[in-house]
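S.K.: Sequence:
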Amino acid sequence: MIVEHADGTQEDIVFQKYPLDLPKEPQFEKRENTVILKFSKFKSCEDTEKFLQAHQKDIKQCKRLIIDLRKNIGGSEEGYLPLLGYIVKNDGFLKNIYGDRTIWTNYSETNCQRSIDNLQPYLESEDAAVKEYVQSAIIYYEQMKSVG
1 MIVEHADGTQ
11 EDIVFQKYPL
21 DLPKEPQFEK
31 RENTVILKFS
41 KFKSCEDTEK
51 FLQAHQKDIK
61 QCKRLIIDLR
71 KNIGGSEEGY
81 LPLLGYIVKN
91 DGFLKNIYGD
101 RTIWTNYSET
111 NCQRSIDNLQ
121 PYLESEDAAV
131 KEYVQSAIIY
141 YEQMKSVG
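For the sequence shown, full-length UniProt numbering assigns the number 1 to the initial residue and increments by one for each residue that follows.
If you're looking for bench data, these hints aren't it; they were derived computationally from the structure. Just so it is clear, the structure is predicted and the values come from calculations on it, not from any experiment. It is possible that part of the hints are untrue.
Label pairs and their in silico Cβ distance ranges [as the list claims (entries may be wrong)]:
1. E32 / A129: 43 to 51 Å
2. N72 / V130: 39 to 47 Å
3. Y133 / Q10: 49 to 57 Å
Derived DSSO-like pairs: lysine-lysine, alpha-carbon spacing no greater than 27 Å straight-line [stated by the list, open to error]:
4. K89 / K60
5. K43 / K24
6. K38 / K57
7. K30 / K63
Where is the CB? At the ideal position from N, CA and C, for every residue including glycine.
Kindly produce the complete structure, drawing on both the sequences and the hints.
M.R.: Right under this line is the structure:
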């Protein structure tokens, strides 16, 4: 890739593929009074909840909790939501965390399908309003597939 600098000079930058040898599942580590949770990828909200539930006793008893996302390559947008309770002190809305910033979404076919897959279980809801919202959200994601 050739990059042109503000002074008009050009530079050829060669990108190298970064070797990713990351664990597929979240990692749990306990050191004395510290618990370290490492997430290299978020699969789904449910998967994150299961992982946290499996280690709930240690998490509640620790004095320090480290959520290590340094090598996180992304994944499901909903996958990080169960972690918010450990980061944010009070109940609230995402609007209070993100403010009025615009959050850009990549509507790739893969991202839309992940969102649809995450919504599917809620179609079984007894609550008509929830079911109606989920149906409209699925239609929306179907329409947005590959928009980018």
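S.K.: State for each hint whether it applies.
M.R.: Each hint tested on the structure:
no., hint, result
1, E32 / A129: 43 to 51 Å, "holds (47 Å)"
2, N72 / V130: 39 to 47 Å, "violated (30 Å)"
3, Y133 / Q10: 49 to 57 Å, "holds (51 Å)"
4, K89 / K60, "holds (15 Å)"
5, K43 / K24, "holds (9 Å)"
6, K38 / K57, "holds (17 Å)"
7, K30 / K63, "holds (11 Å)"
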